[in-house]
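Enquirer: Chains as they are written, first to last, in numbering that gives the first Met the number 0: chain V, 0 to 174; chain Y, 0 to 174; chain R, 0 to 174; chain B, 0 to 174; chain P, 0 to 174; chain A, 0 to 174.
Hint data in this document are derived by calculation from the structure and do not stem from the laboratory.
Where hints are given, some of them may not hold.
Any copy, or any two copies together, can satisfy a pair, since identical chains are not distinguished.
Said to hold, decoys possible - Okay, derived cross-link-like pairs now, SDA-like style, lysine to any residue, Cα gap no bigger than 20 angstroms in a straight line:
#, residue 1, residue 2
1, 169, 46
2, 36, 168
3, 169, 149
4, 36, 100
5, 169, 150
6, 36, 152
7, 169, 100
8, 169, 40
9, 169, 152
10, 169, 34
11, 169, 39
12, 169, 32
13, 169, 155
14, 36, 150
15, 36, 107
16, 169, 37
17, 36, 158
18, 36, 151
19, 169, 153
20, 36, 169
21, 36, 170
22, 169, 105
23, 169, 151
24, 169, 35
Listed below, chain by chain, are the residues.
6 protein chains.
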Amino acid sequence: MCKNATDRNEDDGRSTDEKLTHTDDNGDVQMVNVGEKPDTARRAVAEGEIHLQQSTVEAIRDNDVKKGDVLATARIGAVQAVKHTWETIPMCHQIPITNVDTDFSVHADRAVLTVAVETTGKTGCEMEALEGVTTGLNVVWDMVKAAEKNADGNYPDTAIRNVRVVEKEKRSDSK
Amino acid sequence: MCKNATDRNEDDGRSTDEKLTHTDDNGDVQMVNVGEKPDTARRAVAEGEIHLQQSTVEAIRDNDVKKGDVLATARIGAVQAVKHTWETIPMCHQIPITNVDTDFSVHADRAVLTVAVETTGKTGCEMEALEGVTTGLNVVWDMVKAAEKNADGNYPDTAIRNVRVVEKEKRSDSK
Amino acid sequence: MCKNATDRNEDDGRSTDEKLTHTDDNGDVQMVNVGEKPDTARRAVAEGEIHLQQSTVEAIRDNDVKKGDVLATARIGAVQAVKHTWETIPMCHQIPITNVDTDFSVHADRAVLTVAVETTGKTGCEMEALEGVTTGLNVVWDMVKAAEKNADGNYPDTAIRNVRVVEKEKRSDSK
Amino acid sequence: MCKNATDRNEDDGRSTDEKLTHTDDNGDVQMVNVGEKPDTARRAVAEGEIHLQQSTVEAIRDNDVKKGDVLATARIGAVQAVKHTWETIPMCHQIPITNVDTDFSVHADRAVLTVAVETTGKTGCEMEALEGVTTGLNVVWDMVKAAEKNADGNYPDTAIRNVRVVEKEKRSDSK
Amino acid sequence: MCKNATDRNEDDGRSTDEKLTHTDDNGDVQMVNVGEKPDTARRAVAEGEIHLQQSTVEAIRDNDVKKGDVLATARIGAVQAVKHTWETIPMCHQIPITNVDTDFSVHADRAVLTVAVETTGKTGCEMEALEGVTTGLNVVWDMVKAAEKNADGNYPDTAIRNVRVVEKEKRSDSK
Amino acid sequence: MCKNATDRNEDDGRSTDEKLTHTDDNGDVQMVNVGEKPDTARRAVAEGEIHLQQSTVEAIRDNDVKKGDVLATARIGAVQAVKHTWETIPMCHQIPITNVDTDFSVHADRAVLTVAVETTGKTGCEMEALEGVTTGLNVVWDMVKAAEKNADGNYPDTAIRNVRVVEKEKRSDSK
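Let the sequences and hints guide you as you build the complete structure.
Expert: Here you go:
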């Protein structure tokens, strides 16, 4: 992921405009140099939810009890999205992903996906966690399309909401 | 994208459980057979928003006036995500994308991204549009990370919200 | 997939050497021109098996009854491999995959994976089916590594065997 | 590749069921945390064979003497497959591949492919070696399709057999 | 590839500025809508050369006589690059590639690569041909690096030159 | 990138033929073992130019002043190409890219693209820089196609020229 996500200090005292660290003095898009950054153990957790009809949630629940394929497929899609963030987000660096943990909590009217990512790289991994959440929720949407859409083929009740970073950690005691 | 997104009729009268058309009678995950479906002109539009600090929105606006690189990068990320949906969403088919249109409207506290996708394939393209929206918004997040995060490196004000399909069309007069 | 897999007639009367249709008169590797081929409905089925310890098979069976994640993950890996064959096999064309059907039969000492692929493209799809089978079996191997390997970390009982094409069909009545 | 492939000790005393380390207590599929694992020099060798008609083997031999394109293309396909294992096998980590060595031995009725992979990463690399072998053999199949199939377009004599891990090494004296 | 490459007529009478058809009225980058374009048989040929030391050219020639691996590898890299153009060039559409033909002519001080691409899609394929040429020449460079660089590790004699489109064809008699 | 690009010494005294280090004693294509190489800070800069009509250059300039989307898109394409070099160039290793810097200088009749790449890996990164330059120039070509081609759809004035490595550095004082 991108260095500017990981070091607050050196951002202090810089104007908001200067803080668009992916844009150089000419306003040209750029990657950020992380060559001088040490390898550090980092962790980021993102979360988001997909709102569904209660009948769909029940179908997922039953299906989850039976085979769990809807959520299992979404978990796999989330893990793959985490690993592909370096090519999905144009200005991101590729970092070694050491762990991806996906958790679904299914409520009456929605499924909540939490994705925790850990790396030992030179930058943080919140973009990886966010990519895991949004892709995993899109996979759920894809798996329940027939159940969610109305006679016009539209999705009056389906929406992805409240995608955010809920935790970030940078362990100084990393090798 | 997946057939079950495109044909309501044959879903009618099927129980919600049967409507999980990516899961077969054994509950095993599966792709859906679209071999008998004709090529049809289809269009889907998805929309979503990223909530940001007002100072960040102003920086994007200025940057947009100057070079537009933040939003231009997000547009490119969105177009690439649309084209990669067949591999990002495990059970999706690859369909010929004939058009991708991305539009940002920047408000005081958020940027709203609308992605319209058109295809001449055998299935609908709402998953492509949704992938374009969520990825494009993630790219914006990546580009403004340094401006959005607080002294702890967290994002108290940043969130992706209200991602939904706003339009679907299936032109019968397609070749 | 590659044209030379799909048209026997024009191969007749050619020497075996000439039949290496991926190699031109100079022996240089080449793609095969399918521009003049009509779109045709085609189907290919490949099958293969992974030999495992009986205790591992039982663990998969239990796991399959409970959640099916080992085989569900292998199915998803197989479907993705089918869709990626055009880039995995250097001289293959990309064809529109209209259906992928994966089936596991679990025996006392092995799991047998059958992958059926259908296309409406200009070439056959047996390479897609073979890629689905070998990748799906590799995913099973990856998922049961800890159970299969001995104290030295080797796999005395694990092997992928008998991967072959069991069915090919070319429907002339295709649209 | 996946941690559970590399550490036997901590598996000891665990039931076979617990040894499905890609499945957590809920039976949900998961990646394995390798964050605490040191970088270690590791090597894995896999081997497999493709059975062919003798006339096809002779054509490959002649072709090999002339240009070597069939086997050269298969070698390149194998190397690329090794490098792509982290995305082909859903639960695998990406590890730094430091060496890939491919060797073909051509017999009267088959070609045997041996792929040796070395890494300095946190996990073993047998899945990379296995992916190299199965993909390389599939590339051979693709290159000789026209020569192998019969008048019905089927492959009565073609089969991939005996794919296994023949060597694993973990050097403790790694930097 | 992109529609604006393929239809001159509708460009007539438009100012050069309007001809930047990847930029809309707001100057925002965009894909071009090809939904109304018929499928047409198209062909494009691109050519380029890599200048090398004569001793390197001789090594390639000998190697070519022996095994042809340097040029065979470059051919495979070129074919793969043609197939990946839709993701390498951000605003390109994916089109069905029906044929790729690669030809090397080796001269005393350089190797010339010609790549011909054919498609039955809605747009031209010169970007595919250009991607094939530049990537194929980069592969040659990679394969002869040790022979080309001087004691400082630099490349005083190596250069890729004269990359251009040498032929374009659009057959009206396409199905 | 490939080891043989990074160590001159061990090449000394070897015949040109032996210097084709991607080809083993049998002339078979191979990757190069970098397992014993230390991680080192390395930098490579490549440069190349695309020749255009003056009217097109003016359109890019205006467009650059207004939104910069043509060159911004080319920059993004170049950065992505740098990150994908390990899969584009068959025998390359994947190395950690720590920085990519792209610079365009626009002249009356051409645009010159300079791409600087930095890594902390075991091999040099000139192939990454070359891939960034050739792809970035191809993106420019794609973006100005409508403006450059003549009534026959050909490109009499468009050409990519003078692609070369202009700088290489290997810092011994790397961590």
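Enquirer: Hint by hint, note whether the structure agrees.
Expert: Now for the hints, and whether the structure bears them out:
Taking the shortest alpha-carbon separations for residue 169 and residue 46, only the intra-copy value of 19 angstroms comes in at or below 20 angstroms, while the best inter-copy value is 34 angstroms. Taking the shortest Cα distances, residue 36 and residue 168 sit within 20 angstroms of each other both inside one copy (16 angstroms) and across copies (19 angstroms). In this homomeric assembly, residue 169 and residue 149 come within 20 angstroms of each other (Cα to Cα) only across copies, at 15 angstroms, whereas the closest approach inside a single copy is 46 angstroms. When the C-alpha separation of residue 36 and residue 100 is checked against a cutoff of 20 angstroms, the pair qualifies only between copies, where the shortest distance is 17 angstroms, while the shortest distance within a copy is 26 angstroms.
For the homomeric pair residue 169 and residue 150, the shortest alpha-carbon distance between copies (13 angstroms) is at most 20 angstroms, but the shortest distance inside one copy (49 angstroms) is not. When the C-alpha separation of residue 36 and residue 152 is checked against a cutoff of 20 angstroms, the pair qualifies only between copies, where the shortest distance is 16 angstroms, while the shortest distance within a copy is 50 angstroms. Taking CA atoms no more than 20 angstroms apart as the test, residue 169 paired with residue 100 passes inside one copy only; the shortest distance there is 17 angstroms, against 27 angstroms between copies. Taking CA atoms no more than 20 angstroms apart as the test, residue 169 paired with residue 40 passes inside one copy only; the shortest distance there is 6 angstroms, against 24 angstroms between copies.
Within a single copy, residue 169 and residue 152 get their C-alpha atoms only as close as 45 angstroms, which misses the 20 angstroms cut-off; across copies the closest is 10 angstroms, which meets it. Within a single copy, residue 169 and residue 34 get their C-alpha atoms as close as 18 angstroms, and across copies as close as 13 angstroms, so both meet the 20 angstroms cut-off. Within a single copy, residue 169 and residue 39 get their C-alpha atoms as close as 7 angstroms, which meets the 20 angstroms cut-off; across copies the closest is 24 angstroms, which misses it. Both within a single protomer and between protomers do residue 169 and residue 32 lie at most 20 angstroms apart by alpha-carbon distance, with minima of 19 angstroms and 16 angstroms respectively.
For a Cα distance limit of 20 angstroms, the shortest separation of residue 169 from residue 155 across copies, 18 angstroms, qualifies, whereas the shortest one inside one copy, 41 angstroms, does not. When the C-alpha separation of residue 36 and residue 150 is checked against a cutoff of 20 angstroms, the pair qualifies only between copies, where the shortest distance is 19 angstroms, while the shortest distance within a copy is 55 angstroms. In the homo-oligomer, the alpha carbons of residue 36 and residue 107 never lie at most 20 angstroms apart, since the shortest distance is 45 angstroms inside one protomer and 35 angstroms across protomers. Both within a single protomer and between protomers do residue 169 and residue 37 lie at most 20 angstroms apart by alpha-carbon distance, with minima of 12 angstroms and 19 angstroms respectively.
In this assembly of identical chains, residue 36 and residue 158 lie within 20 angstroms of each other by CA distance neither inside one copy nor across copies; the values are 39 angstroms within and 28 angstroms between. Only between protomers do residue 36 and residue 151 lie at most 20 angstroms apart by alpha-carbon distance; the minimum there is 18 angstroms, versus 53 angstroms within a single protomer. For the identical chains of this complex, residue 169 and residue 153 are inter-copy neighbours only, at 12 angstroms across copies versus 43 angstroms inside a copy, given an alpha-carbon limit of 20 angstroms. For the homomeric pair residue 36 and residue 169, the shortest alpha-carbon distances inside one copy (13 angstroms) and between copies (18 angstroms) are both at most 20 angstroms.
Both within a single protomer and between protomers do residue 36 and residue 170 lie at most 20 angstroms apart by alpha-carbon distance, with minima of 14 angstroms and 16 angstroms respectively. In this homomeric assembly, residue 169 and residue 105 never come within 20 angstroms of each other (Cα to Cα): the closest approach is 30 angstroms inside a single copy and 33 angstroms across copies. In this homomeric assembly, residue 169 and residue 151 come within 20 angstroms of each other (Cα to Cα) only across copies, at 10 angstroms, whereas the closest approach inside a single copy is 48 angstroms. Taking identical chains as interchangeable, the C-alpha atoms of residue 169 and residue 35 lie at most 20 angstroms apart whether they share a chain (17 angstroms) or sit on different chains (15 angstroms).
The structure shown violates the earlier hints numbered 15, 17, 22.
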